[in-house]
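Asks: With the hints as constraints, model all of the structure from the sequences given.
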Amino acid sequence: MNKVDVIVIGLGSMGGAAASALAQRGHSVLGIERFWPSHDRGSAHGGTRIIRQSYIEGIEYVPLLRRAYAGWRELEEQSGRSLMTLSGGIYIGDPEEQTFTGALAAARHWDLPHEVLTSDEITERFPAMRPAPHAMGLFEQNAGFVDPEGTTAANIQVATMHGAELHFGETVLSWTATPGGGVEVVTTRARYGADRLVVAPGAWSQQLLGEVGAPVTAERQVVYWFTPDVSPGNPGHSDYSVGTQPVFIERTDGNRQVYGFPIVDGPAGGIKIGFFQDLTPTDPDAVNREVLPFEVAEMQARALELFPHLTGRLLASSTCLYPSSPDDHFMIGLHPEHSQVTVATGFGGHGFKFVPVVGDIVADLSTRGRTDLPIDLFSLEREALRR
Numbered sequence: 001m002n003k004v005d006v007i008v009i010g011l012g013s014m015g016g017a018a019a020s021a022l023a024q025r026g027h028s029v030l031g032i033e034r035f036w037p038s039h040d041r042g043s044a045h046g047g048t049r050i051i052r053q054s055y056i057e058g059i060e061y062v063p064l065l066r067r068a069y070a071g072w073r074e075l076e077e078q079s080g081r082s083l084m085t086l087s088g089g090i091y092i093g094d095p096e097e098q099t100f101t102g103a104l105a106a107a108r109h110w111d112l113p114h115e116v117l118t119s120d121e122i123t124e125r126f127p128a129m130r131p132a133p134h135a136m137g138l139f140e141q142n143a144g145f146v147d148p149e150g151t152t153a154a155n156i157q158v159a160t161m162h163g164a165e166l167h168f169g170e171t172v173l174s175w176t177a178t179p180g181g182g183v184e185v186v187t188t189r190a191r192y193g194a195d196r197l198v199v200a201p202g203a204w205s206q207q208l209l210g211e212v213g214a215p216v217t218a219e220r221q222v223v224y225w226f227t228p229d230v231s232p233g234n235p236g237h238s239d240y241s242v243g244t245q246p247v248f249i250e251r252t253d254g255n256r257q258v259y260g261f262p263i264v265d266g267p268a269g270g271i272k273i274g275f276f277q278d279l280t281p282t283d284p285d286a287v288n289r290e291v292l293p294f295e296v297a298e299m300q301a302r303a304l305e306l307f308p309h310l311t312g313r314l315l316a317s318s319t320c321l322y323p324s325s326p327d328d329h330f331m332i333g334l335h336p337e338h339s340q341v342t343v344a345t346g347f348g349g350h351g352f353k354f355v356p357v358v359g360d361i362v363a364d365l366s367t368r369g370r371t372d373l374p375i376d377l378f379s380l381e382r383e384a385l386r387r
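Every letter in the sequence shown is one number past the one before it in full-length UniProt numbering, and letter 163, counting from 1, is 163.
Just to be clear, a hint being listed does not mean it is correct.
Said to hold, decoys possible - Across the chosen pairs, the derived CB separations fall in these ranges:
hint, residue 1, residue 2, range
1, E381, S238, 48 to 58 Å
2, E121, G80, 37 to 47 Å
3, G236, E305, 13 to 23 Å
4, G80, G266, 18 to 28 Å
5, E124, V296, 28 to 38 Å
6, V116, N2, 57 to 67 Å
7, E115, E77, 27 to 37 Å
No wet-lab data here; the hints were simulated from the structure. Ideal placement from N, C-alpha and C gives every residue a C-beta, glycine not left out.
Replies: Spelled out as structure tokens, the structure:
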């Protein structure tokens, strides 16, 4: 049985970034992924993911986002791929609602460039949108979207360039921390040994992490692409497209929060939109990937509250999986029983923008047992995970 420095289980967004970071630091790396490269079975597909710094979920995330932004540009240079587009972002809510107040708190605390807009000012700036009359918005120019499939492919590319051995279509059956240090991993193909292990299992956290992964719930998420009615007198196609329309997050009057993207693929494209709350728990191996007519109708009705002319046909829909923790914060750290094992999971639909910095954090933990980056919020032993 050959032995490497580090085995990485899961080569999606976070595992791929970890494999790349470890290989670039000179470690021998074996990565194992049950699906194909840049697959669509987990959380890292769908063409676009929002990237933003005025962070609604908490001011603690912003230093990591600043590091991540630099990491995106570095990954673009290393891979020769264009991954990040800064289209601007608008976060709309009732004046006292978290979507607006959370973004404003982060922007003010970290002195991030931003503009506060009234409902009328939002419509004047972004003609396709008609928020509720009492809504407020925070506009952030330094926001936009990244390419999830391209990002995962880029990390796989860079990891391979630096000597990582990556296996696809190979399922991990079990892993064991061996007495005295080291790990052993058994797959559908072979048995492998390593000094250290990284487990980045996404929606399969309960299956691969036992009690440590038990708090993670796999949730079924659906996103939709709708076409606008651009008849004379209505906002034109360009008003929905990159260059005018920013990425958006909106929740007013107690409705379910929605998020979405401008049209990114020309006249044949559509606005991408989805719900971000009250998702359905699921078994990742038995998730229903068929999108039902009532789901389409519910989404379009909600979309029309913000985009009144988004009345065209449904172009496409896609399902993905959110691995969510009980408090919606990430789970990153050394395994509480096996210090040679590093865990990265619980990213819950808002982690993709952190991919480059999570790769660095995991590489730090795996090789040094600690990181200088601020990750106390993500402790595997925090109270919220014990309830």
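Asks: Where does the structure disagree with the numbered hints, that is, which hint numbers, in rising order?
Replies: none
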